[in-house]
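J.: Dock chain B with the ligands against chain A, hints included.
From first to last, the protein sequence lines are chains A and B. Every letter in the first sequence is one number past the one before it in my numbering, and letter 283, counting from 1, is 283. Heads up, my numbering is the position in the second sequence plus 1000, with the first residue counted as 1.
Simulated from the structure, these hints should not be mistaken for laboratory data. Worth double-checking, as some hints may not be accurate.
Said to hold, decoys possible - Reference excerpt, derived from the structure (chain B facing chain A, CB under 7 angstroms, subset only):
{"#": "1", "residue": "Ser-1012"}
{"#": "2", "residue": "Ile-1016"}
{"#": "3", "residue": "Val-1025"}
{"#": "4", "residue": "Tyr-1029"}
{"#": "5", "residue": "His-1068"}
{"#": "6", "residue": "Trp-1076"}
{"#": "7", "residue": "Ser-1077"}
{"#": "8", "residue": "Pro-1155"}
{"#": "9", "residue": "Asp-1162"}
{"#": "10", "residue": "Thr-1265"}
{"#": "11", "residue": "Pro-1280"}
{"#": "12", "residue": "Ile-1284"}
{"#": "13", "residue": "Tyr-1288"}
Said to hold, decoys possible - Residues of chain B placed beyond 10 angstroms of chain A at every Cβ, according to the derived structure:
{"#": "14", "residue": "Ile-1066"}
{"#": "15", "residue": "Arg-1099"}
{"#": "16", "residue": "Asn-1104"}
{"#": "17", "residue": "Asn-1123"}
{"#": "18", "residue": "Ser-1151"}
{"#": "19", "residue": "Cys-1234"}
{"#": "20", "residue": "Gly-1247"}
{"#": "21", "residue": "Val-1266"}
{"#": "22", "residue": "Leu-1306"}
Idealized CB from N, CA, C, for every residue including glycine.
Okay, here's what each chain looks like letter by letter:
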Amino acid sequence: MHGAHSHNYLNHEKGLWSWLTTLDHKRIGVLYMISVFIFFFIGGVFAMLIRWELFSSGQNIVSPAGYNQLMTFHGAIMVFMVIIPGIPAFLGNFFLPLQIGAKDVAFPRLNLLSWYCLMVGAAIAFMSLFFSGADTGWTFYTPYSIQTDTGTIWLVTGAFVMGFSSILTGLNFVVTTHKLRAPGMTFWKMPLFVWSLYSTAILQILATPVLGITLLLLVAERVLGIGIFDPALGGDPVLFQHFFWFYSHPAVYIMILPAMGIISELITTYSRKTIFGYKAIALSTVGIAAVSFFVWGHHMFVSGQSEIAGIIFSFITMLVGVPTAIKTFNWVATLYGGSVRFDAPLLYALGFIFLFTIGGVTGIILATIATNVHFHDTYFVVAHFHYVMVGGTLMAIMGGVYHWFPKMFGRIVDDGMARITFVLIFVGFNVTFFPQFVLGAMGLPRRYADYPVAYEALNKISSIGSWTIGLGFLLALYVIIHALKRGEKAGDNPWGARTLEWQTSSPPPHENFDKPPVVTAGPYEYR
Amino acid sequence: MFSSTAQAAPRSFMPIQGSTVAGYVDSLYAFLLIASFIACVLVIGGFIYFAIRYRRRSENDKTLYITHNNTLEFAWSFIPFVIFMVAFGWGWWVYDKMRVFPENALEVHVTGYMWAWDFMYKNGKRTTNEFTVPVNTPVKLIMTSRDVIHSFFIPSFRVKQDVVPGRYSALWFEATKTGSFQVFCTEYCGTGHSAMLATVHVVETEEYENWLQVDPYRGLSLLEVGQSVFEGRCLVCHSPGEDRKVGPGLGGLFGKQVLLDDGSTVLGDENYIRESILYPNAKITAGYPSGVMPTFLGQLDETELLGLIEYIKSLE
Ligand code: HEM
Ligand SMILES: [Cu+2]
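Chain B on its own, in the form it takes in the complex:
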């Protein structure tokens, strides 16, 4: 499920620098790593040297009696303090670049929910779990969640922001390289947390403009949307009539009592259809094995789901 598109493999120092701030973050990180390394060499090297140099040679060893040394203590308080302040100030300076939003940024609306991401553009174009942005253009994501807290993280762009229900949060980036980059959810959100992935495609501006105009569902009625999704994704296993394929035929399902494998029955209404698409193993139709149908959770957006329900309603 992770092998989506041509993802730039993450590198061990830091992932590929794909945005304008990435370089700044990495220089700061490099500085911190070097300072940390020197500190570790001093402390660890220091105690190893002292411990060996002053190892016990006899039970009557005389040891020095030193209680303190003001100069030394001032030095090793003040020098770290200065280094920490450099880290703090530098961090602030870079953070400023991340958090001051450029004015004419391209705005994209993001909705997180268990366990997928929806993207919506100004012209009404919607996508799920992948979105496309133009290169060298500031992009602002305005984000909210439909259920619990999620967090939107693009490692290659060095940006991350929590996505909170009941409010909007935002982040911005300007991609500097074309290609496809991984998006992770980084706020724990339950069973599907580690599968709540998305991809951002960075393309040239013209390609973006073309892409934006192509709306597979433009001008279609709900029923027509449903039919097109059905033919693309469901038809392999379900017939629109009543005959059996891998799964039961869906003709006449709506409004009928469905017999389940535990002997109970359930009404074939909107909720049952929705549940069967998102959680196929929750209820199993009598005569069919469980665990066969994959979940479409996170793969269909709300319009597509409603379209499917509408379409199934229409089947005789």
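Here chain A stands alone, though its shape is the one from the complex:
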């Protein structure tokens, strides 16, 4: 890192304290990066243990109670600490201001506060491990979450605090996008990554408070005995599910929309071609965000909600499929007539399209109400959401990290090694999760600490795949650390991209641009 001689945000100030009190969005982005990587590592270790336990039928390394803790912490860490902050708070923080030609976000102090919210929330959540742990699953369904061990309260409170991190980031991004765009950058000239962060930010602001209130009610019920969700106290346990999914369905779009934004950037850059259907992609992003508020009931078809409600939710969920399909076709069409270079970021983008398509079509199978009844809460659902969250979001993060690394740290990543990480992760992923669709069709329920022997063969394959993924991510970590230490110096625009962040130096100076950019053309003018 110290090889960069020029004056830049990394050497602008020195010492740990300068990092912990920084108001620079780039440094805050780096803080998020480090935290998210660490959380991802911990969540990944839990995942490996889960797959080890499930390697064969019968009890192997942990008791059922222990398994349930692993499953809960794996899910909660990956959702609340990795996938949700992963793109907006890390890559978004770093690149949103750069892409719109701003000096920083609108509220730098809130930005730093959001990182502390995540850290404090995470610390509270991990405290749970010292108080009997938590075994509710990341969904905290009542009344189980009211009756089980008290460690649950810590995890719930942690998730509540982390929610503020997300809200503050969202608020910051909405205002930043509206107020701080460089002269000449109209909404229709914004990069698609910015569009996606903007739509996500609206979801974060509108949906996360609902989760906050719900979790607060849960804690109030546990601690004060107020009857809200617990039938023993006169409450309604299914009400919790409505509240929870009213947040958590939009939240799945908080996870995927920014990933889609990254894919648009990668596809255009590495094919040197303007995006096909810019407006369609931008508007479908906003459309998905809007409709996503009205589909929560598709998680509850068999919960006892009325049949009519189920049918309506099935219908609206189908509607979300349309803009999703549009985006996919647009990316494919963008490649047509391009000049495609197979650097690691492009491989990750193509991997995204591959896996996300499978995740999407299985989403439709789940949205079809009669088939949902069979697949709900089986491994089919587990496979579906890993295809979209890992196959989608995580692939995009990996592609984004390799793509923007030269800009963030002024150094080049070893592309050959990066491509090997792609092969390991992509192959390992399919070996791990494809069999889970079949397991689900065969009827195996999710969140099972143990399963009948008839399901063993496919579980073994799945566990073997998980080791391959693990290896891929470890290698990726090595590649990144290696590049930080030994990577060759990067030019300002190594990929020949057209968006604004590539016009400043690598790494960028403290205030991003030496002279404020003026925008005259769209973001993907490859002519």
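T.: Frame of chain A; chain B with the ligands shown alone:
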């Protein structure tokens, strides 16, 4: 624990079709799979072809400048929309069959609790973790839970419904094949979730009628129920007197202070007896190793538990 009866092994496309709706669900699933496969071939095949066909040959490659194409974009919005609507409508049609309850269905009451299922028939017959129904007859399950939310899932019948405390939910099916089929709990409910299994036995109507009339406990007092359970399941390890077998003798236990292996004592009352049956390792009697006695959690229904307590009370 899973190797209960002659379970039809689950098959990889879908489990055996054991009910009237199963065929409908499977045809719909087959349609969705084929449509999905075609979509994947188009998208994945498409990008692989374009990426290779238009791979970069030199740094000065000229690329096309195409911003949009209305016809194409309309087509790839409208065609998926139509397919999704077919899936939606077809799904609704099949769902209707699942959720419109036939009138004269045979009703069975189901109670879920951590971590077992109780079944109760109109004539008072009760069973735990297995139940029997006649083939080719509509059966309606009226279900509730005693503690947290559970979910009743019979893969071979393609039906599933959450079982919620404080209210009744229902599902129905008409079995079309005789045999024994797996029931899973599919709403996460804690430590024993994956062991919360049951079996449904589908038999010919006559066999069902006979089975229904056989009630092992009919006309027995609680004490007699307890004695019969004790002799069947406990006697191997516990004597009804005070002598030691694998476990301590239970004679005179009720009302006595029991010395535990950590030096404390506990009163041998109803709660202690119940706990010892359901959670044998919670308290260990001094002089005996822990972890020897299996739990009877989920294996005894409430009547049997009360019977056992009654019987142990009576032992001198
Ligand atoms: C084409 C778009 C999509 C459709 C139609 C769709 C549909 C569905 C449906 C119907 C379910 C409920 C299944 C059930 O529980 O029975 C579901 C579950 C889920 N989906 Fe999607 N989905 C789509 C995209 C996504 C995306 C983009 C994400 C996240 C990045 C996502 C994450 C999830 C998660 C996390 C669950 C399971 C939640 C849980 O029970 O723990 N889905 N999806
Ligand atoms: Cu959803």
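J.: Now, for every hint given, state plainly whether the structure supports it.
T.: Consistency of the hints with the structure:
1. Ser-1012: Holds. Min distance 5 angstroms.
2. Ile-1016: Interface hint status for Ile-1016 of chain B: violated (10 angstroms vs cutoff 7 angstroms).
3. Val-1025: Hint on Val-1025 of chain B: holds, closest Cβ of chain A at ~6 angstroms, below 7 angstroms.
4. Tyr-1029: Hint holds; Tyr-1029 of chain B Cβ to chain A Cβ min 5 angstroms, cut 7 angstroms.
5. His-1068: At about 5 angstroms, which falls below the 7 angstroms cut-off, the nearest Cβ of chain A leaves the hint on His-1068 of chain B intact, so it holds.
6. Trp-1076: The hint holds - Trp-1076 of chain B has a Cβ within 7 angstroms of chain A, the shortest such distance being about 4 angstroms.
7. Ser-1077: holds, 6 angstroms
8. Pro-1155: holds, 3 angstroms
9. Asp-1162: With a closest approach of 5 angstroms, the Asp-1162 of chain B hint holds.
10. Thr-1265: Constraint on Thr-1265 of chain B not satisfied, violated at 27 angstroms.
11. Pro-1280: It is violated, given that the least Cβ distance between Pro-1280 of chain B and chain A is near 15 angstroms, above 7 angstroms.
12. Ile-1284: violated, 18 angstroms
13. Tyr-1288: Interface hint status for Tyr-1288 of chain B: violated (22 angstroms vs cutoff 7 angstroms).
14. Ile-1066: violated, 6 angstroms
15. Arg-1099: The assertion about Arg-1099 of chain B is violated, with a minimum of 5 angstroms to chain A.
16. Asn-1104: Consistent with the label, Asn-1104 of chain B stays out of reach of chain A, its closest Cβ about 21 angstroms off (over 10 angstroms).
17. Asn-1123: holds, 28 angstroms
18. Ser-1151: violated, 6 angstroms
19. Cys-1234: Nearest chain A Cβ is 25 angstroms from Cys-1234 of chain B, so the label holds.
20. Gly-1247: holds, 23 angstroms
21. Val-1266: holds, 23 angstroms
22. Leu-1306: Holds: least Cβ distance 22 angstroms, greater than 10 angstroms.
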